[in-house]
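Chemist: Sequence:
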Amino acid sequence: MTPAAPSCDALPPHARHLVSALADPAAVLAFDLPTWDLVVRAARTAQLLGTLAARLEQGGLLPALPEPVRSHLRGASIESRFLRQMALVEIELVERAMRARDIPFVLLKGASYIEADLPVAAGRMLRDVDFLVPRARLDEAEAALLEAGWRADETLDEYDQRYYRAWSHQIPPLRRGGAPLEIDVHHAILPVTGRIRGDADALLRDAHTTGRGRRIPDPADHIVHAAVHLFQDSDCTSRLRDVVDVDAMCRHYAVNDPDFWGKLVRRAGLHGALRPVAYAIEFARGWFDTPVGDAFDAAWNRERRRGGTGWVIDRAQRSLPPPDPDRGPDPASRRAARWMLARSMWLRMPPWLLAYHAAMKGWRGVAGRPTRVGRADA
12 MTPAAPSCDA LPPHARHLVS ALADPAAVLA FDLPTWDLVV RAARTAQLLG
62 TLAARLEQGG LLPALPEPVR SHLRGASIES RFLRQMALVE IELVERAMRA
112 RDIPFVLLKG ASYIEADLPV AAGRMLRDVD FLVPRARLDE AEAALLEAGW
162 RADETLDEYD QRYYRAWSHQ IPPLRRGGAP LEIDVHHAIL PVTGRIRGDA
212 DALLRDAHTT GRGRRIPDPA DHIVHAAVHL FQDSDCTSRL RDVVDVDAMC
262 RHYAVNDPDF WGKLVRRAGL HGALRPVAYA IEFARGWFDT PVGDAFDAAW
312 NRERRRGGTG WVIDRAQRSL PPPDPDRGPD PASRRAARWM LARSMWLRMP
362 PWLLAYHAAM KGWRGVAGRP TRVGRADA
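Sequential numbering from 12 applies to the sequence shown in this note's numbering.
Derived from the structure by calculation, the hints contain no laboratory data.
These numbers come from a predicted model, not from an experiment.
The hints are all genuine.
Pairwise CB distance ranges, derived in the manner of DEER restraints:
(1) Ala21 - Ala369: 28 to 36 Å
(2) Arg277 - Gly70: 33 to 41 Å
(3) Arg277 - Thr221: 22 to 30 Å
(4) Asp341 - Asp300: 20 to 28 Å
(5) Pro302 - Ala37: 14 to 22 Å
(6) Leu40 - Gly189: 39 to 47 Å
(7) Asp300 - Asp268: 14 to 22 Å
(8) Arg110 - Gly86: 33 to 41 Å
(9) Ala369 - Asp325: 21 to 29 Å
Glycine residues also receive a C-beta, built at the ideal position from the N, C-alpha and C atoms.
With the hints as extra help, turn the sequences into a complete structure.
Modeler: What follows is the structure, given as structure tokens:
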């Protein structure tokens, strides 16, 4: 039996209104103040209020909105522009540190969207700047950054450090004194202990150079990374923004490349990530009506014959939206989130490590020292 596809109609009202506003900004003209109250709070929780503000501004719709709503949207727009400027500062300083030692690097996720001035960057609420360096140069890159003034979180203890350095795909986050954004230095796009690890060498090798001489992932790798970050490296709880990212990038890249969908299927296969990419695109299509090419549909039809996809889609449909601002997640959403958390940990760790990490978290929780790593959204 073919699993049910994600549907916007199945979303709870607050999430359905938010998705509607993002997909068709003109829909907000029918919102009353109680609806706006829900949408603004849900968008803020989902880190999408700046994105919503940017889309409404681009559509020339802000003057038609009630003043209390405009006030919230203006605040989000100001914050997103500030974070964009701070990200550009961090990118410039990272570039200087890496060039001083001739270490190649590729910007990832939000930093790469901003560097390439992609539509998905408009209104983005950044919290960190991610980039990838070759595994063989990781220690050298960390030393260069420490020398240039970045520092790791001093509250990370020996176990946290071991987790990052032995089992994760990045070193512990670094921050310059007074800077609002952390930097995350990756040597892979997925944990080295995970069932899917991706091909970091291929991502580095095939990266594109921007007009400023910086490197960002190939368009297909952009989407692969967003998809695996969502469906392979997170618990899918309140992660609507990742689906918005996938929708925006698919629309942007497919316009001028007739073979985009074929390339995406091939790159997803190269990274061993066809299934998480298929999940992400299926949610983008179901919620935002993303136009999808035949090459993807053929690959997705082959993939879901292997089974297990309906289970994930059903639970992700409940866990991905932001919680109801007034009531929080309903019981079904909480159950789905627990299942998706268990799935994410199983995908990221072999059984022996999962058991060890769970035991460590339990012991540290009893001792009043909660583990700061190993979260599904780390």
